[in-house]
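Okay, here's what each chain looks like letter by letter:
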Amino acid sequence: MGVPLAILGGAIRVGTPLLWVSLGETVTEKAGRINLGLEGTLLMGAMTAFAVSLGTGQPWLGVLAAALVGTVLGLLHGLLCGLPRVNDIALGIALMLAGSGLAFWLGKPLIQPSAPPLPAVPIGTALTDQPALRAALDINPLFVLGLVGALAVHLVLQRSRIGLKLRVVGDSDPAARAFGLAVGRYRMGATAFGGACAGVGGASLSLFYPGAWSEALSSGQGVMAVALVIFARWDPRRCIWAALLFGGASAISPALQALGYSQGYYLLAALPYVVTLAILIGIGRPSAEAGAPGELSLNR
Amino acid sequence: MNVRELLSSLIPAGAALVLTVVAFSLAVGLAGFPPVEVWSLILQGGFGDAFAWQNTLQRAAPLLLTGLSVALPAQAGRTIIGSEGALGLGGLAAAALGHAMQAQPAVVVWPLMALAGALVGGLWIGLVGWLREAREVNETIASLLMSFIAIAVFNQMVETVLRDPASLNKPSTHPLPEALMLPPLPGLDVHWGLGLGLIAAVVAGAVLKFTPLGLALRVAGGNPTTGLGVGLRVSALTIGACAAGGACAGLAGAVEVAAVHGAANASLLAGYGTTGILIAFAARFSPWGVIPVAVLVGGIAASGSLLQRRLGLPDAAVLVLLGFAFVALIGCETLRGRRWPQRQRRAAAPPAPTVIAEPAHG
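If you're matching them up, the sequences are chains X and Y in order.
Counting in the working numbering, the first sequence runs from 1 upward without gaps.
Counting in the working numbering, the second sequence runs from 1001 upward without gaps.
Careful, some of the hints might be misleading.
Cβ-to-Cβ under 7 Å is the rule here; a few derived chain X residues that face chain Y [as the list claims (entries may be wrong)]:
1. L91
2. L97
3. R161
4. L267
5. A270
6. T276
7. L277
8. I279
FYI, nobody ran anything at the bench for these hints, they're computed from the structure.
We put the beta carbon where it would ideally sit given N, CA and C, even for glycine.
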């Protein structure tokens, strides 16, 4: 009982930023763009959230500020990629460098102090007296918000006019133009949304778990988003499972170590990538039926 | 490269330079540092004297190879972004081989270490190229996933099977004996990795430009249908280009182990692979173009310690400068070859008869 719950708790802890980052990237990719710069956005979001929470004492203000910074970085990517002959993959990597550099620079004075963290949703406290289980089940409020967000994004994409238009833009440039849709604006909006989500993912890192600011805060969660989105096959609902699985794969090792197994720590954590690659090999070029946006450079 | 091509390259590069200088000056200015002094220290710390140049070239050495590791597949139309993992595995293979053969003379072991690194890296990225041909798996994503997997394998091996029990806080493979460490180039304080990188870039550029193989590769990458039409083995060519790129990344890892770290550990994965992607894009995938870009990036990186010592500027400032520069360079690509409407009209207009007649009067 204890170990599976500990793994689930760990999966939620590690998976929350992954959920946010992949949710945002799903929307960006649905509009036909890929943003590889979310690692920089994530770090900027984490640093901003921490600084604002430290300055104001209001962690939720920090989350909001992180979303704003993420929006700005997303807009920058969207704007530059809208210009002809600008490669979205290269620009994403350049923004990753710039974003992490800025976050490290501006975050230098934030390494020592501790900011007010986000309050946990006390499911564990309500259910049990065991401290270990409590720690596992007092969950990140941003995870709950992320669940709601995933379902909301799904509904908007599938059921609303704007969602349909966004999918048309992502699927076929000529078709979208024939309908008179402003392709560039949709892509920019989708990239900005992706950036905002990545900013919130960063806030989850610095304000809940691990709950401090350091330069080693992110272990590549921003870049992982791209893998998660493929794993989830561009479905926001499946981002939840993808985030839990990727998070769980990292969380399972400490749980197993507690039981005396310590072999294969890194290989286990890399298992989701192997599975993602296997999925890609299995389906070959992702088809439109599989939810893959046709305009995405990765699918052409 | 003719004059017009040169000009069309200078416009975006110049615009990017101006943007970078303005943006970074603003950033350091806002942070309370004097921009003029910062820039002069960057020039001084990167290119000011012999010591600065040695530091710069030391850093440029792996960047030459990782830049090539992206540029070569790109010539065949493949966007590879997984050099970091290939570099790690190449370094790991070289470190393991070097330790196993530590009693042998260096002249025997060095080539084998280089070969081991190149082979492992080449196989790793070659597999990515093959997956694209065989299963239509997108090579960009596949190389990223393979890079994550490679880094996991690297960490696992360094912490278990290949771990030196003496490395306590920082898990590491067994260190190479002093006799197997790569010496500096004659007359310089820069290791042989720089020479290898330069040779690789010059040779790769020459092969692309002057040999039938290079032409075939560029045709296969530029227009696969035409390539097939004229009887080229397009699949083999693109897989080969990916493997060659991977070999460069693996070689970079082997060189870093043999010349700098003396063992494979976490310091090896310092982002050279990621920076290599940007270097290749900035050089527009030209192997010769990789050389100046890598040296420039190496110089900026090398100036970091001087900035920190003299002004107390955090080391992350260099990362910001590089990030700004690459964002500007890649964004300014939009200015390349843009046809201004006026010039277009003038070029298209037929020469007026009077112009031809004029010289006769003179």
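Which of the listed hints are broken here?
3, 8
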